[in-house]
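Asks: All chains, full assembly: derive it from the sequences and hints.
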Amino acid sequence: MRNPIVTCIVAACFISTGFTTPATAFSLSKKTTDDSVCDLSPRTTEKLLSHTFVEAGTKDSLQIYSRLALRQIVQNCKNGQILILDSEDGHSRDASYFQDIANHVCAAADVKNIPNGNAEYPQAFQTKCMILKMQEARDWLTKAENEKSTETMISEGAPRRAPNSSASSQPSRDSNCDKLTLSSVLFGGGGCK
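Okay, so the sequence shown: first residue is 2 according to our numbering, each after it adds one.
Hints may be right or wrong, so weigh each one.
Distance windows between CB atoms, simulated [stated by the list, open to error]:
(1) Asp35 to Asp111: 28 to 36 Å
(2) Asn119 to Arg161: 33 to 41 Å
(3) Gly58 to Asp35: 35 to 43 Å
(4) Arg161 to Gln64: 31 to 39 Å
(5) Asp140 to Ser51: 22 to 30 Å
(6) Pro160 to Asp35: 38 to 46 Å
(7) Pro160 to Ser37: 20 to 28 Å
(8) Arg161 to Lys79: 38 to 46 Å
(9) Gln124 to His52: 19 to 27 Å
(10) Tyr122 to Lys149: 28 to 36 Å
These are calculated hints, taken from the structure and not from any lab test.
The model shown is predicted, which means the values in this text are computed figures rather than measured ones.
For every residue, glycine included, the Cβ atom is placed at its ideal position computed from N, Cα and C.
Replies: In structure tokens, the structure reads:
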């Protein structure tokens, strides 16, 4: 069950930290840029996940990635800027959630996938489009976060781990077994198995 207090706090944080600040030049990787771009390149997915950990196998991970990117966009960018998303390896995951992001902030006819491959990653690409729907994206993100926060999606969607069966099948060790003694150094043990 969702905690309404947590939901209100998360929504308030979004509103107070970024929805009202004027956008200027923005680069997720902190590289020098100008006010004409909202630059989430290079390696968009890697950069987003360096800020918020999402475990491999998390349910609805593409929605989570989209929300993480949209948070950066609505907090740091503005209408009229060119959005740049970068898939270094050309993974289909990136193509899917990049399109979702672009649909929220750009006109569909303006979205371009530009090949950006090299010898190591021939399928690499960038998605570019002009941001035109910032208010709609803000409204959508606020509503989605109020319904279920991204952090809740991450924690509830994380893969469940089975208890470590090997630990329970081993006999318990005497607490003295972990202590370093003269006999353990000289003779390779101390009777603990």
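Asks: For each hint, tell me whether it holds in the structure or not.
Replies: Now the hints, each set against the structure:
1. Asp35 to Asp111: 28 to 36 Å: 20 Å, violated
2. Asn119 to Arg161: 33 to 41 Å: 38 Å, holds
3. Gly58 to Asp35: 35 to 43 Å: 39 Å, holds
4. Arg161 to Gln64: 31 to 39 Å: 19 Å, violated
5. Asp140 to Ser51: 22 to 30 Å: 28 Å, holds
6. Pro160 to Asp35: 38 to 46 Å: 42 Å, holds
7. Pro160 to Ser37: 20 to 28 Å: This hint is violated: roughly 41 Å between Cβ atoms.
8. Arg161 to Lys79: 38 to 46 Å: 41 Å, holds
9. Gln124 to His52: 19 to 27 Å: At 25 Å between Cβs, range holds.
10. Tyr122 to Lys149: 28 to 36 Å: Roughly 34 Å apart at Cβ, these two residues keep to the hinted range, so it holds.
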